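K.L.:
Sequence:
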Amino acid sequence: MARLLIVSPPLHFEQHLRRSFQPPLNLLYLYAYISSRGHEVELLECASVDETVAAIIDRSPDFVGIPLYYASLENTFAIVTRTRQRSPDIRMIAGGPCLTMEPERMIREGGFDFGVLGEGEETLHDLLSSAPNEEAWSSIKGLVFMRDGKAIVNPLRPPIASLDALPFLDFSVVDNDYYFSFQQKMGIPPTVFLNSSRGCSFRCSYCCTPVLWPGPVRRYSPQRMIDEIRFQLERFPGAEIGFCDDSFFSDRNWLKEFLRLVKPLSIKFQCIGRADHLNPAVIGELVDSGLTYIAFGVETGNSSRQTRLHKNLDLAKLVATMKELSRYQVKTKCFFMLGFPDETIEEIAETINLAVTLKRLGMNLFSIFPVTLYPGTELARQFPTSHFQCGLDAHLPEIIRDHLEISQADQERLDSRFNALLTQRQMVEVVSFAWEMIEKAETVSVDELQHLINRTEPQSSAPVVTGPHQEK
1 MARLLIVSPP LHFEQHLRRS FQPPLNLLYL YAYISSRGHE VELLECASVD ETVAAIIDRS
61 PDFVGIPLYY ASLENTFAIV TRTRQRSPDI RMIAGGPCLT MEPERMIREG GFDFGVLGEG
121 EETLHDLLSS APNEEAWSSI KGLVFMRDGK AIVNPLRPPI ASLDALPFLD FSVVDNDYYF
181 SFQQKMGIPP TVFLNSSRGC SFRCSYCCTP VLWPGPVRRY SPQRMIDEIR FQLERFPGAE
241 IGFCDDSFFS DRNWLKEFLR LVKPLSIKFQ CIGRADHLNP AVIGELVDSG LTYIAFGVET
301 GNSSRQTRLH KNLDLAKLVA TMKELSRYQV KTKCFFMLGF PDETIEEIAE TINLAVTLKR
361 LGMNLFSIFP VTLYPGTELA RQFPTSHFQC GLDAHLPEII RDHLEISQAD QERLDSRFNA
421 LLTQRQMVEV VSFAWEMIEK AETVSVDELQ HLINRTEPQS SAPVVTGPHQ EK
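Numbering follows our numbering, in which position 272 of the sequence shown is assigned residue number 272; successive positions increment by one, without gaps.
Bear in mind the hints are in silico, worked out from the structure with no lab data behind them.
Treat the hints loosely; a few may be bogus.
Below, in silico cross-link-like pairs of lysine-lysine (BS3-like), each with a Cα-Cα straight-line distance of 30 Å or less [as the list claims (entries may be wrong)]:
#, residue 1, residue 2
1, K141, K263
2, K440, K333
3, K185, K333
4, K268, K323
5, K256, K185
6, K440, K317
7, K333, K256
8, K141, K268
9, K317, K263
10, K440, K323
11, K323, K359
12, K311, K185
13, K268, K311
14, K359, K268
15, K311, K359
16, K311, K331
17, K263, K331
Keep in mind the model is a prediction, meaning the values are calculated, not measured.
Start from the sequences and build out the full structure, keeping to the hints where you can.
P.N.:
Laid out in structure tokens, this is it:
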């Protein structure tokens with residue numbers, strides 16, 4: 001059988017390379033499946049490009065599999081290039097969201113031999129099993145491969161019909177002490193993360209999920225989830241369970257049965273979901289069954305924008321849900337986005353002020369992100385000449401400080417257009433200001449935002465760029 005090294009690439013936050021606060025869950029699912037089929041597999045986690053390349057060369061596997069994410073794309077390409085320079089016989093396999101969204105571009109520009117589209121377990125197994133036989137590659141559904149300098153993209157593979165057939169995760173292959181320590185530093189209790197489903201029943205225009213999981217939501221059965229929870233807590237007694245599903249509450253019948261089964265375990269759990277799927281009765285059942293934390297994707301405080309994004313979140317229900325969760329002292333986090341291509345200053349004020357309302361009602365945590373158009377999404381198709389690929393973690397105070405002393409090239413990047421309303425520098429200032437005002441629970445006015453934008457002048461000698469942004 002083939003020897004596969006699965007690599008979790010280091011994340012890149014401006015000048016800082018680091019690992020995440022939670023294990024690479026998608027790679028753990030791949031590891032569990034591929035190892036159960038008899039292949040020799042190792043999962044590698046490193047905090048830098050140099051460390052990753054050295055580890056790959058030292059292990060000298062037959063194949064290296066790396067997921068592609070836009071946040072770490074530069075690092076991943078560097079890993080592939082430098083590995084090839086030192087060990088050209090190792091075959092490189094790409095996977096992850098970027099590969100599925102842009103297969104031909106990613107496999108070609110990244111210098112990969114193969115790519116695995118969408119759900120990777122079965123396609124990766126078939127590739128590893130047939131690797132010596134090049135004639136078999138064209139018949140493997142979900143596979144992308146290079147032939148005579150051309151990227152060949154095979155048809156997508158149907159999704160796995162029964163998630164219950166997948167093996168339990170093996171967290172012993174990652175550094176759990178590191179993750180638990182990192183979580184505690186962030187105020188998060190030691191948590192074992194799992195998925196109870198794949199896909200999402202909503203089709204938000206900014207989201208990659210409709211492309212990555214085009215079919216209906218598939219769920220593990222409630223009993224299968226209980227079995228895995230028991231299995232994991234035997235290994236990590238006292239840990240909480242964190243469900244990473246896009247919408248944990250969307251199937252009311254599934255949720256009711258799961259809560260009935262999980263309550264006797266007396267565990268604590270966290271999840272992600274839609275606030276308008278909840279009501280006082282359901283919240284009470286969740287709390288009785290061990291709920292401690294919920295994260296909500298809010299995105300925008302403008303109802304019309306909610307409709308145009310196909311998110312259709314009921315903002316009144318969001319407010320009512322936050323009140324009820326605060327009554328139970330359930331910790332909450334909300335995510336917001338600013339800078340849609342045609343967003344107005346009035347909409348920005350609405351989003352900030354909705355966040356302020358939620359903060360006053362008890363929202364514990366929040367994040368604000370500049371909007372990014374991901375290739376292949378409906379939003380990207382709606383605005384094909386839009387010029388933003390921001391790459392700024394503007395919500396982080398230390399990143400704002402980093403921009404006080406930066407190179408001329410970065411100055412010019414900041415002075416280029418983010419959208420029709422704002423330059424990237426102005427976007428940084430608006431998000432930083434929004435962060436400050438939400439923390440203080442103080443509403444903002446359109447005039448305040450306009451004044452902030454007007455005073456944020458270009459600082460580079462280059463003219464403000466108004467044409468489409470070109471990625472490096």
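K.L.:
Could you tell me which of the hints above the structure violates, numbers in ascending order?
P.N.:
1, 5, 8 and 12
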